[in-house]
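S.K.: Below are the chains, spelled out letter by letter.
Protein chains: 2
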Amino acid sequence: MPLLKSWVESANDAKNPFPLNNLPYGVFSVDDGDLRCGIAIGDRIIDATGLEAAGILRADPDADVLDAPYWNDFMELGPKVWADYRTKLQELLAEDASDEIQDQLTTYSVPMAEATMHMPFRVAEYTDFYAGRHHATNVGTMFRGAENALPPNWLHIPIGYNGRASSVVVSGTDIRRPWGQLKSPDHDTPAFLPCRRFDIELEMGAIVGTPSNGPVTVDEADEMIFGYVLLNDWSARDIQAWEYQPLGPFQAKATATSISPWIVTKAALEPFRVDTPEREYELLDHLKDTGPMLYDIKLAVDMAPAGQPATTIARTNYREMYYSSAQQLAHHSTSGCPMRTGDLLGSGTISGATKPERGSLLELSWGGKEPLTLDTGEERSFIEDGDTLTLKGHCEGDGYTIGFGTCTGTVLPALEDPYAR
Amino acid sequence: MPLLKSWVESANDAKNPFPLNNLPYGVFSVDDGDLRCGIAIGDRIIDATGLEAAGILRADPDADVLDAPYWNDFMELGPKVWADYRTKLQELLAEDASDEIQDQLTTYSVPMAEATMHMPFRVAEYTDFYAGRHHATNVGTMFRGAENALPPNWLHIPIGYNGRASSVVVSGTDIRRPWGQLKSPDHDTPAFLPCRRFDIELEMGAIVGTPSNGPVTVDEADEMIFGYVLLNDWSARDIQAWEYQPLGPFQAKATATSISPWIVTKAALEPFRVDTPEREYELLDHLKDTGPMLYDIKLAVDMAPAGQPATTIARTNYREMYYSSAQQLAHHSTSGCPMRTGDLLGSGTISGATKPERGSLLELSWGGKEPLTLDTGEERSFIEDGDTLTLKGHCEGDGYTIGFGTCTGTVLPALEDPYAR
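Protein sequences, first through last, are from chains A and B. Each residue of the first sequence is one higher than the one before, counting from 1 in this note's numbering. Each residue of the second sequence is one higher than the one before, counting from 422 in this note's numbering.
Check each hint, because a few of them may be wrong.
Said to hold, decoys possible - Only pairs whose alpha carbons sit at most 27 Å apart, straight line, appear in this in silico DSS-like list of lysine-lysine: (1) B:K790 - B:K604; (2) B:K604 - A:K288; (3) A:K183 - B:K790; (4) A:K80 - A:K5.
Said to hold, decoys possible - A short list of chain A residues far from chain B (calculated; beta carbon distances all over 12 Å): (5) V30; (6) D73; (7) K88; (8) P249; (9) L374; (10) H394.
Just so you know, these hints were derived from the structure itself, not from any lab. Only a predicted model underlies this, so the values are computations on that prediction, with no experimental measurement involved. C-beta atoms are modelled at their ideal positions from N, C-alpha and C, and glycine is treated no differently.
Taking the hints into account, I'd like the entire structure generated from these sequences.
M.R.: This is the structure we're talking about:
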């Protein structure tokens with residue numbers, strides 16, 4: 001598919017992340033105004049809430065589904081409505097739209113540079129998977145030795161755990177270094193201390209659009225997915241090491257998970273579908289690939305000490321995953337677990353085969369034994385106070401880019417006394 | 422505290438679970454009517470939604486917080502409002518209330534026998550702990566041997582994992598036996614099959630009333646808790662055994678969790694506070710007991726094969742727990758994890774020291790090696806199709822009972838083909 005040209009000139013630049021081919025959904029405000037649903041096109045945001053109220057572009061003829069600071073009500077309407085809405089939206093923004101339409105839409109738009117972005121949807125529940133083979137092998141090797149790196153179940157099911165929806169925040173939110181219970185290997189008893197090994201996890205997040213009640217097939221799961229965001233699952237490695245046996249990660253992952261503000265729809269990603277890797281064991285029928293289930297999304301992580309320029313510390317690709325989000329969602333439903341509009345599924349950390357492709361500091365510094373040297377000359381094993389971590393992602397089309405924007409957060413020092421009031 | 426007498430005669434029976442001392446909160450409907458907030462007193466339900474609309478009993482002078490099929494808006498108002506409301510409610514229902522008040526309240530009430538009960542609150546998120554020492558020791562012994570029964574962290578933090586809020590259902594809901602991926606020890610590869618080792622977990626559920634944003638002390642956590650329910654965390658042991666390393670239980674616990682329909686308030690439980698057990702290691706300051714933090718709640722589990730009378734298969738007490746809900750909630754907040762109105766915290770399975778005090782079939786049948794014999798003569802290692810499992814709980818006061826009602830569910834056969842449409 002080539003670049004689709006828009007009358008919004010900035011959207012026609014091959015490097016602009018938001019061409020007519022993309023049209024991601026977000027929630028924005030300007031100055032101290034209301035939170036409104038918006039659509040990115042070039043360097044502008046279309047006010048979707050306003051277009052709906054004016055009757056210019058409606059998803060549902062009878063209900064104002066965008067009269068809310070989230071896209072959940074729209075998501076609930078399902079794939080047919082998503083497709084129809086996108087078609088109409090592309091007509092309104094195409095270069096051959098009438099002058100009258102262009103004037104109308106311009107009225108219902110704001111410069112992106114003037115807008116503040118907010119959470120684009122209400123997170124119903126948040127699940128985090130562990131579906132990157134290189135990541136699981138790296139972490140397993142560090143924790144259990146190379147021979148036991150991959151748990152026995154890993155090549156048969158996309159293992160995951162339930163995270164904490166209340167801790168999901170939008171890109172740009174500062175992240176406070178947590179306190180927690182941890183135990184040094186050289187101490188007999190644990191202590192309550194600020195986290196010393198605070199880390200990122202580079203992930204994609206899949207957003208469930210339509211609900212289910214009972215097991216769904218991989219194809220049904222794929223239909224349920226509304227879109228994708230970049231996701232950083234901030235991780236306290238020292239808290240995790242002490243708490244995670246036998247019930248899995250808990251407080252180590254509950255401080256915050258950041259997501260990028262624009263939901264890139266499945267429709268926009270369609271041209272970038274790629275196959276999952278070859279299988280070491282054949283998957284059971286209910287988890288089998290039914291076509292290309294991953295996406296070719298180029299990913300990078302930037303790290304910037306306070307007041308310093310950023311260094312790109314990792315580059316990888318979403319196609320490195322062993323399991324797709326559709327397979328994860330199908331597995332999630334096997335027990336009959338009801339899945340809901342707004343459920344967020346983290347892919348698991350995305351790492352490639354080589355060292356500069358690793359999606360966490362734990363792997364990049366090999367548990368702190370091989371600190372990174374940033375372009376500024378500073379060394380890093382884990383995150384230091386004031387560091388800003390930024391995930392970036394895009395697909396390279398034929399003369400156009402499908403961008404995810406960025407997912408960024410600055411780490412603030414731990415509270416001196418977390419119980420001071 | 423003695424029995425508080427009510428003009429609702431049935432509430433004055435020393436064995437009635439719902440005297441004036443109790444006054445638990447639920448959501449009910451009659452025939453095909455709306456779902457309304459209700460309060461149990463003797464054999465009647467007071468229509469709290471109706472009392473609010475009529476201006477007879479209001480929690481908030483300016484907002485109709487009970488004009489909803491859940492108590493969440495009321496819970497959000499906090500401890501002072503909860504206490505004032507309870508005081509006014511006890512005055513209206515006390516035996517010395519005027520004839521006029523008695524007539525009014527009778528108009529706004531229905532016989533409990535005619536009502537259908539629903540979920541009493543919207544579950545924001547659901548966390549399940551593992552805080553019963555006898556249970557953890559029993560399960561650990563079966564899975565890892567007696568010497569490694571308790572994980573190293575167990576005596577230092579109330580370990581837990583995030584469950585799935587969408588799967589929480591009210592007592593009386595039928596439970597469909599799940600399918601899942603499992604692996605027999607005598608097979609090389611896993612298979613997708615109906616669960617063969619379906620189980621209960623006898624727990625108490627604590628409901629978070631007021632939110633937090635940052636670490637809270639144990640005393641602050643206790644203030645945040647609105648009340649308690651009985652909780653059965655249905656568990657697929659064979660799915661759990663295959664999936665739980667290293668990320669913890671996931672689909673094994675996502676089919677359903679049942680709760681009793683009446684929220685027994687912390688105020689009603691106040692006379693039954695008891696100390697936690699002696700500590701093997703001193704807890705870190707932020708988790709220390711600040712007074713009697715558990716409750717003396719007598720618990721039992723009944724099992725009834727289809728069409729057969731029930732056998733009581735276990736009797737234990739909530740005071741057996743090692744950690745209180747307040748300590749669990751304090752731990753839950755250490756990372757800065759935002760806690761919200763409607764969060765549900767499962768205590769973990771409650772087992773006593775001896776065999777008939779065990780709160781799961783896994784422990785009662787010792788992993789299936791020592792099947793139970795029911796009063797009907799039938800044997801059980803795990804749940805069979807058609808079995809009804811019922812949790813019961815009450816506190817014994819001085820001439821009165823604080824009852825929780827029951828938490829019951831019947832297990833239906835697995836779907837023949839979970840993907841048939």
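S.K.: Now tell me if each hint is right for this structure.
M.R.: Hints versus structure:
1. B:K790 - B:K604: holds (19 Å)
2. B:K604 - A:K288: Holds, at roughly 18 Å.
3. A:K183 - B:K790: Given pair K183 of chain A, K790 of chain B is violated - Cα atoms ~37 Å apart, limit 27 Å.
4. A:K80 - A:K5: With Cα atoms ~24 Å apart, K80 of chain A and K5 of chain A stay inside 27 Å; holds.
5. V30: holds (26 Å)
6. D73: holds (17 Å)
7. K88: It holds; K88 of chain A is separated from chain B by about 30 Å at its closest Cβ, greater than 12 Å.
8. P249: Non-interface label on P249 of chain A violated, nearest chain B Cβ at 7 Å vs cutoff 12 Å.
9. L374: Holds, because the least Cβ-Cβ distance between L374 of chain A and chain B comes to about 27 Å, which exceeds 12 Å.
10. H394: holds (30 Å)
Figure legend: structure checked against the earlier numbered hints; hints not met, in rising order: 3 and 8.
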